[in-house]
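What follows is each chain in one-letter form.
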Amino acid sequence: MMATQTVPERPDLSGQDAITVRFAGDSGDGMQLTGGQFTLSTALAGNDLATFPDFPAEIRAPQGTLFGVSAFQINFGSREIDTAGDAPDVLVAMNPAALKVNLAALKTGGLVIIDTGEFTKRNLEKAKYDSNPLEDGSLAKWDVLAFDISALTIEAVKEFGLGNKDALRSKNMWTLGLALWMFDRDRQPLIDWLNAKFAKKPDIAAANIAALNAGHAYGETAELSGPLKQVSMPPVESAPGLYRTITGAEAVSLGLVAGAQLAELKVFFGGYPITPASAILHHLARLKEFGVITFQAEDEIAAICAAIGASYAGQLGITSSSGPGIALKGEAMGLAIMVELPLVIVNSQRGGPSTGLPTKTEQSDLYQAVYGRNGDAPMPVIAACSPGDAFEVAIEACRMATQYMTPVMLLTDGYIANAAEPWMVPDPESFTPFPAKFMDSLPDGETFLPYERDAKGARPWVKPGTPGLTHRVGGIEKHELTGNIDYSPDNHQAMTEARMNKVHGMMVPDQGVALGEATGDLAVVGWGSTFGPIHQAVRRAIRDGRKVSHIHVRHICPLPANLGELLAGFDHVLVPEMNTGQFKTVLRDQLLIDCESLTKTSGQPFAISELEDAIGVYFDGISGNEGGQVDVNDEQLPSPEGGEE
Amino acid sequence: MNAPVKIETTLKDWESDQEVRWCPGCGDYAILKAVQRTLPQLGCDPANTVFVSGIGCSSRFPYYIESYGFHTIHGRAPAFATGIKLANPDLDVWLVTGDGDGLSIGGNHMMHVLRRNVNMQIMLFNNEIYGLTKGQASPTSRIGTPSPSTPGGSIDRPAQPCAFALGSGARFVARGFDVSKKLPEVLSAAHAHKGAAFIEIFQNCIVYNKDVFHDFAAPKGAEDNQLWLENGQPMLFAKGEKGITLDRDLLELRVVDVVDGDWEAAGVIVHNVTNRSIAHMLVELPFGEYPMALGVLYDDPRPSFEETTVAENERLSQGKKPDLGALLAKGQTWTVDGTAQDPV
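Residue numbers (the working numbering), protein chains in the order written: chain U, 1 to 645; chain R, 1 to 344.
These are calculated hints, taken from the structure and not from any lab test.
There may be inaccurate statements among the hints.
Covered stretches of chain U, as calculated for chain R (at least 3 residues, CB under 8 angstroms) [unchecked claim]: (1) 43 to 57; (2) 253 to 262; (3) 291 to 301; (4) 471 to 482.
By construction, the Cβ of each residue, glycine as well, lies at the ideal position given by its N, Cα and C atoms.
Chain R extracted, bound-state conformation:
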């Protein structure tokens, strides 16, 4: 695998000639722009970039990016992306999926792409609803979500995407939201991670599930409910007036008040992106009682699947010649006069 050559592009270079067909006001527009802003910053090459998606509103994404794009079938994008990376590990692969596509019909593939650690960026747009099929409750819908398929409100417990990812063995887990100015930073961190980088992006479905993330993701006035995590920095929020501490007896995170900026005195802990135990706590923090944990929650790389596959295939090929003639004549052979020959 060669180090990718960085090239200079602008946002315009990443805009395809396709008319964007999301609903006016959809959070997807903001995510698209954030991605198109980030790619030039990373020096990415459109010719070497592949966007792979499944089915759903989010999965129309590849059509709008000027790069190679593969809009596949419902839930299976991780499997296609795995094949692409194994066939050509040098390609820069971005996977676009949603809560229904990635966690319901494609939950199995999501689990395996994460545990195998295939090197790609996985953007899961979570709007807690099925948009393209007109508003049914999704696997991340909160209990009580009214929808055409749940007229009395949904009754099944929602999945937690980041907890699922971490439980599946993900080595990079991050969160952001559609209109956040910090989303490009999160995407850049994901891109820098070698291996499967899982990013949950809260996305406002303006038609079927409007403003469900308003309390922490509103364009203005929700900042106090955002806990932006930064490696090596104390876990502070609400303008530094609050922080997160670890109750070492109960092994749980707590919100504490920080007086006069003295976070150490308040016992606020410092974020360490390689601490898997704390990451498990962060992805499980119930919003309301706690702020929404955002940014890079966990980042601790391991060798990627395609890297180990290439190495293993080289190991198994060592000292062997790809001689088709010899392969066809392998094993015990004989000539028509019945003389047995030595095994090749």
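If we strip away everything but chain U, and leave its shape as in the complex, we get:
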């Protein structure tokens, strides 16, 4: 049953301080669940980690097809992990299509675990294989562990009397059991989880546990007789505290709840289903005890309009979407800017334009966030760099919105939304409250002026229901103090400037350097989810003696006041982004500095090696890829020069 091939230069996983594993299978094979549970076990083992779920837009694409392949990659180690890893060390391929789509990414000499039970003539045809790769020698570059996982699973769950189809659903648990054995992990948390998940179907729970145990036992046996070796990864050194894993969507949701509490407001969330933003609606819908109202609107426009209505009535209005939905919300954002009410808009960016790549990641809505409305419509924009960071950024968005009476755009992306990482659970007592102020009365004899501004440029917030302060607001230009309709030339000039000054005068923290010195040859400036790969690439470049620094910008609009000065201390500025150079344009626009782009729009995050190559170009024109160890998938390579547009 076991067919192995000998491989030269097989890498020794036990000698590495980080390992990348990719689980790949059909959409129906439960690979995301397998990956999620493996992630949890990795976290419990004390390793640092980063994950990259990569799944098709179709819910159940036709079985066995190339476009139906769903993959989950995890990079974990005994050191700090910033990215989901470039090339996997281990690939688990549950069918021929999964093998075909993912094999090219696997490191030379890496281990590929294959379910031969799925390598039927029909499945090979669906995966467009002319011949069986298990037999034609095309896998010679890799260490292959191929056996009939399907048959082994059916055997393992035989006693539960399930039909073959149901029995095969436990295949992912069998595989997970093997993976847990490989990395010397405790099975108990997973068994507990299965028992809780299938509390009402104890047979299914038992079958899954049996499959899990069988996979684990297989590892033990295989070790005795063959190439499979157990690898033990020591825990990473991290700050003491309580940890959990968190995805970006969870972190945003928790951050919004925390932010609203700090503002002493109730959350009103208006949403409409869209990938990958829906998860925020789902999370918040389960937090009613925090005073959260969730409203699934009839469309994206109604979702934001209802949120603005709630802000008008005195709650913290929040809406979230992805690019196409954000486009629909544009007019309402303009109204929120015009009536100057707090509002948080979360954009979980995905590949665009139009429907684009619904399940793939991109950072291409930056123009839309910064410039994308009719009229002069300034709006603060901030971006999260990782799942955990999304928590803090969400709190910051709530603070800006309520303190400055303005809508705020919070950018995450499909990668951040879906990816998981360990997160040190913060102590709510450590947060600084920023209670929202409502005007509830006027000193005797004073006239109420709804648009009279405070020192920050913010107008008063008055809840309808407050006696003596009735007033009207709307989207028509209004008098700079009374708020009454006023189209006069001087007034529009004054109001346009007032709105602009308020946003551009906002206090944002000074820009620091994430890694490296405050001056040097090259600043690599990133924003959003490119943080991880940029950080690693810059770390390696610094180790090689290069004067490179990583500058990560959270506040996109307004930019930190010292950013221009900071960047002036570098000979070159490189801006890697998963778009065609949008932040580069903003930097040139706002700071009048020369900066160059490194762009990528493949729907995949940057690989560290791609950034190393790009950094290398600035130093003797030599590629920075460490001795060519990383076998990069050609399809993922950007042009090293980055291209101007």
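Since chain U is already given, all that's left is putting chain R on it; use the hints.
For chain R alone, kept in the frame of chain U given last:
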């Protein structure tokens, strides 16, 4: 939700300091006055009242009422109003829209605010034309309406606002017209209804669509063409000389002559505001062949959206403490030494 406190006001208390900017002779002036007359009768409190509007002539309305007002964007007023009511169910919300705003660009939101049954009064000013954009045919314009965008006359079939409302699941549907003395009564009935109350108000656009409702809504001489419906009263019109009967074989309404006031002998039916089937017939009656059905056509309340939302949120919160610290630490946690803890 507390019962609103009734307070004493006069018409003057509901007049804002803003200069009214509708065209001289516009039907909107009459509607504004009718509303400002009705609000004191209902004991409404300006501080607790919110007028929400979209875009168009009708939607300037909130500026002229001394209360809280929100002039929003084209077609979306129902969504804003829904957010306002969910955030504060105690507010008394009036929505002002027009045939273009409410049925064209905002048709989707109108459908959903009605089917969700958000407690508010929805006044749809129907003048069968786009006024503020200078006279294009609207979704309620009759076939053949000449306009700048339809120089050969409009060719698309008009929407019927009350039929749309009923079809969307509205639990209150009423009709009135701008200069009618009975408009305050209709508005009062709408206010008394708990849930979304839809009121179509025929409104004369003096500039772009003058007198299109003249046959039944002229200030004088059109009374015979008005069928004012009253719950529990026979459906009579033309000074009681005509009435409405139900043809039980064909399941349609018919006009019959009433001799010597004996409406029962003529088979005239009694209006029952909770009869949804008859309401469907009333909203569809073609004017000309029939009189214009006015007043409260249908009124059969159901729990409102904000009421059920509050109840559902309370149900889902039962037995749970809003402990942020516990929420953040939810799920499987571990400490740096790798010890797994029990799920919280």
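Okay, the hints, checked on the actual structure:
Evaluation of the coverage hint for the stretch 43 to 57 of chain U: fulfilled, as 4 residues show C-beta separations to chain R shorter than 8 angstroms, against a requirement of three. Residues of the stretch 253 to 262 of chain U with a Cβ under 8 angstroms from some Cβ of chain R number 4, which satisfies the need for three, so the listed coverage holds. Closer than 8 angstroms: that is the beta-carbon criterion, and the stretch 291 to 301 of chain U has 7 residues meeting it against chain R, so the requirement of 3 holds. With a threshold of 8 angstroms between beta carbons, the proposed coverage of the stretch 471 to 482 of chain U by chain R holds, since 6 of its residues qualify and at least three are required.
The structure is consistent with each of the numbered hints, conforming to all of them.
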